[in-house]
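This is what each chain is made of:
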Amino acid sequence: MHYNPMELMICCAARLLEDGKTAAVGTGVPCAAAMLAQRTCAPHLVILFEAGGVAPQLPTMPISVGDSRTFYRGVMATSMCDIMETCQRGLIDYTFLGGAQIDAHGNLNSTMIGRDYARPDVRLPGSGGANDLASLCWRILVVTIHDRRRFVERLDFLTTPGYLSGPGAREAAGLPPGTGPYRVITDLAVIGYHEQTKRMEVLSLHPGVGLEKVREATGFELHVREPLAVTEPPTEAELRILREEVDPHRYCIGR
Amino acid sequence: MNSLPQGTGALFADPSANRAREAFAAKPRALCDKLTTVADAVARLVRDGDYLAIGGFGANRLPTAVVHEVLRQGKQDLSFAGHTATHDFQILCAGNLTGRGRTLAKVDVAYVVGLEARGLSPHARRVIESGEVECVEWSNYTLAVRLKAAAMGLPFLPARSLLGTDTFRHSAAKVIVCPFTGEKLVALPALYPDVSAIHVHEADRYGNCRIRGTTVADIELARASKRLIITCERLIPNDEIRRDPTRTVIPFLCVDAVCEVHYGSYPGNMPYEYFSDEDHLRRWLTVEKDLDAYKRFLEEHVYGVKDFAEYLQRCGGLPRMQQLRQREFLLDRGR
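For the record, the sequence lines run as chains A and B. Position 55 of the first sequence, counted from 1, bears residue number 55 in this note's numbering, the numbering being contiguous throughout. Position 17 of the second sequence, counted from 1, bears residue number 17 in this note's numbering, the numbering being contiguous throughout.
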């Protein structure tokens, strides 16, 4: 069955979410992945939204992290502090983030493009809840398009912590031990982090993608974990649920 | 031993709990009638140079009428809490670089400029990229913690995010060591806004408020603010508040003005009432691209409009509100 890169990314992201775990998600692709996971591999996945929605039964994709859909038939509609403090207590397993730039240690920039903070070339929204979620949840997942503009050697601004400068840096800064980046899912590959160096390493290439193409789209040296796998393509069941139930209006998966 | 890291950003509001107590000491205690118009509330309670905060989250449960009125009355040089501020920030930016002085002077940024999945506001970008607004960086949780510290009557609270990042370096936070465990924490200065506006579902004329759905940071914001304007979908009798006091989330003691504004969160979403008007929000984002077209749009929708009811009329009036109500309850999807 034919599929597009966005559909593959959402399926890859959904498969990483384990049943019975908790995930703080935003709108768009992360939300689509969580909804797909609930309908496939993780029926008991608990979704939380930072504005206060707990365990909604999402009827449609939310437009805002705080709109009515984010607590539709949920178990609780609470507050920003309550959700973030649930993360801070260590109860939230996954968070899903994106950004304009990412570096080899999984640090993210969503604040500005340019050299001068006071006069940015492009002003972006800032952290939102991303810095908090990446500091306080156990595992950080990132879903992003893979190109040299995004995968950079040096961020213009380090908005949200990955492994910071490398092994031990999160703990040295005071962030909770045992937390950090876990996977990056792109339109070319699934990427993890090297145990010792805490730098990105390719785990699997998407069908039809060569390693050279991934390296060309990356602005830093990329390790490879051997044996390098090929990403499992989406199943017919995954695609059907994604297209018919999760995103029938094709907001995320495109038209 | 190395000294502990500190952010380099400025503090736009005084974190002193003692000075905040002096402001709260002067607040009226009596159960008195605070019902008024939005125009009167903004004229009396919002002053040039104030630190302003707006309740809700993005374009959800937004006190839109107050934000419009701040523009119409030409308030100047405000500091602002950008706590997932989307359409509210977009509206306030309309008072900068449009020939009406400078509405915004300073912004504590957690999330601004963007409208979540809808994209970035071209005019908000113009304003921030021009350098005429001073920014300091925070995150959604750390701004909420700053309000929580103020709501508790404290000068700061610790948390465990922000650490190790440029967001911290461009904040006004400081790293401290826990006196019990020796662990590093981020100390967040209390944020006591001069004035805030929150839109709620129901309130009585004294300011006792009910909210349905997520409360975001509004429980904290209401208590942290030196002056507070409430807009409500529906004014209810005090008897109804007393019939079920468990539902009161903001007590009258925090409140300085109560304004009844039907569809008051429009074009934002109001949970269990009406969904956001995505067509109208898209129109704002599109028209902003050209500054002259944007100025005409603002004249038609904000500056040249008498009050919020007239704005609603220009946006489609009751028929449009009925459509948005159907969307909220998924009636348009056959439920």
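The set of hints was computed from the structure by calculation and includes no laboratory data. Just to be clear, a hint being listed does not mean it is correct.
[To be verified] If you anchor each label on the Cβ, the simulated ranges turn out as follows:
(1) A/166 x B/242: 46 to 52 Å
(2) A/165 x B/11: 50 to 56 Å
(3) A/148 x B/152: 34 to 40 Å
(4) A/73 x B/262: 40 to 46 Å
(5) B/49 x A/60: 52 to 58 Å
(6) B/37 x A/165: 44 to 50 Å
(7) A/73 x B/31: 34 to 40 Å
(8) A/195 x B/286: 38 to 44 Å
[Stated by the list, open to error] Derived DMTMM-like pairs: lysine to aspartate or glutamate, alpha-carbon spacing no greater than 20 Å straight-line:
(9) B/106 x B/77
(10) A/213 x A/171
(11) B/174 x A/187
(12) A/213 x A/121
(13) B/289 x B/307
(14) B/295 x B/307
(15) B/106 x A/116
(16) A/213 x A/195
(17) A/213 x A/201
(18) B/306 x B/290
(19) B/106 x B/33
(20) B/184 x A/116
(21) B/295 x B/134
(22) B/289 x B/279
(23) B/289 x A/116
(24) B/106 x A/85
(25) B/184 x A/153
(26) B/106 x B/134
Quick caveat, the model's predicted, so the values are computed rather than measured. Even glycine gets a Cβ: it sits at the ideal position worked out from N, Cα and C.
Here's how the hints hold up against the structure:
no.	hint	verdict
1	A/166 x B/242: 46 to 52 Å	violated (60 Å)
2	A/165 x B/11: 50 to 56 Å	violated (28 Å)
3	A/148 x B/152: 34 to 40 Å	violated (47 Å)
4	A/73 x B/262: 40 to 46 Å	violated (27 Å)
5	B/49 x A/60: 52 to 58 Å	violated (43 Å)
6	B/37 x A/165: 44 to 50 Å	violated (55 Å)
7	A/73 x B/31: 34 to 40 Å	holds (38 Å)
8	A/195 x B/286: 38 to 44 Å	violated (49 Å)
9	B/106 x B/77	holds (8 Å)
10	A/213 x A/171	violated (34 Å)
11	B/174 x A/187	violated (39 Å)
12	A/213 x A/121	violated (29 Å)
13	B/289 x B/307	violated (26 Å)
14	B/295 x B/307	holds (18 Å)
15	B/106 x A/116	holds (17 Å)
16	A/213 x A/195	violated (24 Å)
17	A/213 x A/201	holds (15 Å)
18	B/306 x B/290	violated (25 Å)
19	B/106 x B/33	violated (34 Å)
20	B/184 x A/116	violated (29 Å)
21	B/295 x B/134	violated (24 Å)
22	B/289 x B/279	holds (16 Å)
23	B/289 x A/116	violated (24 Å)
24	B/106 x A/85	violated (28 Å)
25	B/184 x A/153	violated (28 Å)
26	B/106 x B/134	holds (5 Å)
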